[in-house]
Amino acid sequence: MGKFFRTIFLVDLFQGLWVTFRNQNPKYIYTEQYPAERPQVAERYRGAPRLNINPDNGETLCIACNLCALACPELLIVVGAERNEQTRRKELTTFTYDLSRCMFCGLCEDACPVDALELTQDFELASYTRQGWIWDRQMLEEGPTPTQYKC
Amino acid sequence: MPETTFLDSTELVLNMGPQHPSTHGVLRVILKLDGEKVNGTECVIGYLHRGVEKIGENRTYQQFAPYVDRMDYVAAVSNGLGYCLAIEKLLNIEAPPRAQVTRVILTELNRIASHLLWLGTHALDIGAITPVFYCFREREEVLKIFENYCGARLTTHAFRIGGLQYELYDGFEEQVKAFCEMFLPKVDEYEELLTHNRIWVARLKGVGILSGDECKEFGVTGPVLRAAGVKWDLRKAQPYSGYEQYDFEIPTGENGDTYDRYLVRMEEMRQSVRIIRQAVAKIPTGPIGKTPKVIKPATGEVYVSIEAPKGELGYFVVSDNSTQPYRLRVRPPSFVNLQALDRMVRGGLVADVVAIIGTLDIVLGEVDR
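So the protein lines, in turn, are chains D and E. Following numbering that gives the first Met the number 0, the numbering of the first sequence begins with 0 at its first residue and continues without gaps. Following numbering that gives the first Met the number 0, the numbering of the second sequence begins with 0 at its first residue and continues without gaps.
For the record, the hints were derived by calculation from the structure and aren't laboratory data. Some hints here could point you the wrong way.
[As the list claims (entries may be wrong)] No farther apart than 27 Å at their CA atoms in a straight line, the calculated lysine-lysine pairs in the DSS-like style are these:
{"#": "1", "chain 1": "D", "residue 1": "Lys149", "chain 2": "E", "residue 2": "Lys143"}
{"#": "2", "chain 1": "E", "residue 1": "Lys143", "chain 2": "D", "residue 2": "Lys26"}
{"#": "3", "chain 1": "E", "residue 1": "Lys204", "chain 2": "D", "residue 2": "Lys2"}
{"#": "4", "chain 1": "E", "residue 1": "Lys53", "chain 2": "E", "residue 2": "Lys36"}
{"#": "5", "chain 1": "D", "residue 1": "Lys2", "chain 2": "D", "residue 2": "Lys149"}
{"#": "6", "chain 1": "D", "residue 1": "Lys26", "chain 2": "E", "residue 2": "Lys185"}
{"#": "7", "chain 1": "E", "residue 1": "Lys289", "chain 2": "D", "residue 2": "Lys26"}
{"#": "8", "chain 1": "D", "residue 1": "Lys89", "chain 2": "E", "residue 2": "Lys185"}
{"#": "9", "chain 1": "E", "residue 1": "Lys281", "chain 2": "E", "residue 2": "Lys176"}
{"#": "10", "chain 1": "E", "residue 1": "Lys185", "chain 2": "D", "residue 2": "Lys2"}
{"#": "11", "chain 1": "E", "residue 1": "Lys143", "chain 2": "E", "residue 2": "Lys289"}
{"#": "12", "chain 1": "E", "residue 1": "Lys31", "chain 2": "E", "residue 2": "Lys289"}
[Stated by the list, open to error] To give an idea of the interface, some chain E residues facing chain D are shown, with a C-beta separation under 8 Å as derived from the structure:
{"#": "13", "residue": "Pro65"}
{"#": "14", "residue": "Asn91"}
{"#": "15", "residue": "Pro95"}
{"#": "16", "residue": "Arg136"}
{"#": "17", "residue": "His156"}
{"#": "18", "residue": "Pro184"}
{"#": "19", "residue": "Glu188"}
{"#": "20", "residue": "Glu191"}
{"#": "21", "residue": "Asn196"}
{"#": "22", "residue": "Gln244"}
{"#": "23", "residue": "Phe247"}
{"#": "24", "residue": "Gln277"}
{"#": "25", "residue": "Thr322"}
{"#": "26", "residue": "Gln323"}
{"#": "27", "residue": "Tyr325"}
Computed from a predicted structure; not experimentally measured. Glycine included, every Cβ here is placed at the ideal spot set by N, Cα and C.
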């Protein structure tokens, strides 16, 4: 009898519709209005790479040890260094990071002994050219400058 | 002369995919049709082949870890766990207890995320559009936990060989507990939408029956096997990462049809919440483990398998005492489960093919590797 009643009056169908109706409540809106409302990504987010500079003297923190280039599974980091004859130390000259092949695994960041290379919270990395993906030292130090939209 | 069939017409060959939305990726199924009846199928795979196993031979053990996330990208954490366990066994080391408990929590969260994606897309294939939005809403909460923990949402690279890279963030336990609290009523909500829905039941009951013996013949594992009534779960059968400490049930079905597989997966999500709750309550303090700087295992081979959301995920690694594996073979659950498609589809209707592909829960990244 119960089954007959349920079949005739479509009870199960209305139960489902009631769930949908409950979720119409405006406090259950989860959509992010992306360009106007920018998401707050996590602190540990692995986004655009950055070469940190020492805030005290404006020099790079990188010691050109090449460990990031060795750790990278895709071999997309090229570190150029030159020996300074006066201080007898290796100094960074060029740093190339091919973002087009990067999978943001974070192994380079883990390998860095001085926290110079870091994956930051910047996530807007689109580029109109393939060349635009290959970041040089200047780009890595300054970081990307995405367009800010207002609604 | 071709064999004559229904209404004396000849067999119709229809290509389904590789660009069909309900093949869940780039699977191409060649259907041999007699009217609406399916007389046979042939799967064409390999559209997403990237040669992951070969890549593994050319990377060091640490460097290969991010690549395994890209096989079953819906359950990347499980893939990472299997790989790490395999290399740890090869090196004869074990992750510290704190790392093990964290691994269990994240893997179970990933199981929920994977099942949610399956439920949403499966319901979408059948024609119920509502569940997909609700499922993705809850999945988002899991992905937020992943993002907070390791910085990535999908291809997480959360675990490292020998333990973890990242210490738990502040508020991890609260966030996971809040998720469990929020999630259980939501599962009931999905069930309210679907379980007794007449269209859902009519489309799923008795469709794509695969008996327990047939499952064993094909090597099918995971929820598909359990829905056929075989109580086989690697978390119970050969516990890894401390699964023997947790109290949970293995849900099984009876008929081995699509509807039973749906019920089994729904119950699995509840059981995952149960495991997570037990694990969060007893995260031990201590070290989280450290990746060895140079991994150079002694000559030997090892096979480790874990219960991924889709079934048995195995890694077979051969080491030749160098920093790179000599051979790395992956046994993905989706690839093996997909073999059973022909048996399940044969004799059914065209519309059932969509339901059966959905219920197998395949991820083509894993099938093709």
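Hint-by-hint comparison with the structure:
Restraint check for Lys149 of chain D and Lys143 of chain E: satisfied, since their Cα atoms lie roughly 25 Å apart, inside the 27 Å limit. Annotation: proposed proximity of Lys143 of chain E to Lys26 of chain D holds, straight-line Cα distance about 20 Å (limit 27 Å). Between the alpha carbons of Lys204 of chain E and Lys2 of chain D the distance comes to roughly 17 Å, so the proposed pair stays at or under 27 Å and holds. At roughly 40 Å between alpha-carbon atoms, Lys53 of chain E and Lys36 of chain E are farther apart than 27 Å, so this suggested pair is violated.
For the hint pairing Lys2 of chain D with Lys149 of chain D, the CA-to-CA distance comes to about 56 Å; that exceeds 27 Å, so the pair is violated. Between the alpha carbons of Lys26 of chain D and Lys185 of chain E the distance comes to roughly 16 Å, so the proposed pair stays at or under 27 Å and holds. Between the alpha carbons of Lys289 of chain E and Lys26 of chain D the distance comes to roughly 44 Å, so the proposed pair goes past 27 Å and is violated. The suggested pairing of Lys89 of chain D with Lys185 of chain E is violated, with an alpha-carbon distance near 58 Å, which exceeds 27 Å.
Distance check on the hinted pair: Lys281 of chain E and Lys176 of chain E sit about 12 Å apart at the alpha-carbon level, within 27 Å; holds. Between Lys185 of chain E and Lys2 of chain D, the direct Cα distance comes to roughly 26 Å. Compliance with the 27 Å bound is thereby established for this hinted pair. Between Lys143 of chain E and Lys289 of chain E the alpha-carbon distance is near 25 Å, which keeps this suggested pair within the 27 Å criterion. Between Lys31 of chain E and Lys289 of chain E the alpha-carbon distance is near 54 Å, which puts this suggested pair outside the 27 Å criterion.
Evaluation of the Pro65 of chain E hint against chain D yields a held restraint, the C-beta minimum of about 4 Å falling below 8 Å. Against a cut-off of 8 Å between C-beta atoms, the interface hint on Asn91 of chain E is violated, since the closest Cβ of chain D lies about 23 Å away. Evaluation of the Pro95 of chain E hint against chain D yields a violated restraint, the C-beta minimum of about 18 Å exceeding 8 Å. For Arg136 of chain E, the suggested interface contact is upheld, since its CB lies about 5 Å from the closest CB of chain D, less than 8 Å.
Because the smallest distance between the Cβ of His156 of chain E and any Cβ of chain D comes to about 5 Å, under 8 Å, the interface hint for this residue holds. For Pro184 of chain E, the interface hint is violated, the least distance from its beta-carbon to any beta-carbon of chain D being 11 Å, above 8 Å. Among the interface hints, the one on Glu188 of chain E holds; its C-beta lies about 5 Å from the nearest C-beta in chain D, closer than the 8 Å criterion. Using the Cβ-Cβ criterion of 8 Å, the hint placing Glu191 of chain E at the interface with chain D is satisfied: the shortest such distance is roughly 5 Å.
Because the smallest distance between the Cβ of Asn196 of chain E and any Cβ of chain D comes to about 6 Å, under 8 Å, the interface hint for this residue holds. Taking 8 Å as the C-beta cut-off, the interface hint given for Gln244 of chain E is violated, the closest approach to chain D being about 28 Å. Here the hint on Phe247 of chain E is broken, as its CB sits about 27 Å from the closest CB of chain D, past 8 Å. Checking Gln277 of chain E against chain D: minimum C-beta separation of about 26 Å lies over 8 Å; hint violated.
Violation of the interface hint for Thr322 of chain E is found here, the shortest Cβ-Cβ separation to chain D being roughly 11 Å, above the 8 Å cut-off. Given hint, Gln323 of chain E at the interface with chain D, is violated; its Cβ is 11 Å from that chain's nearest Cβ, farther than 8 Å. Given hint, Tyr325 of chain E at the interface with chain D, is violated; its Cβ is 18 Å from that chain's nearest Cβ, farther than 8 Å.
The earlier numbered hints that this structure contradicts are 4, 5, 7, 8, 12, 14, 15, 18, 22, 23, 24, 25, 26 and 27.
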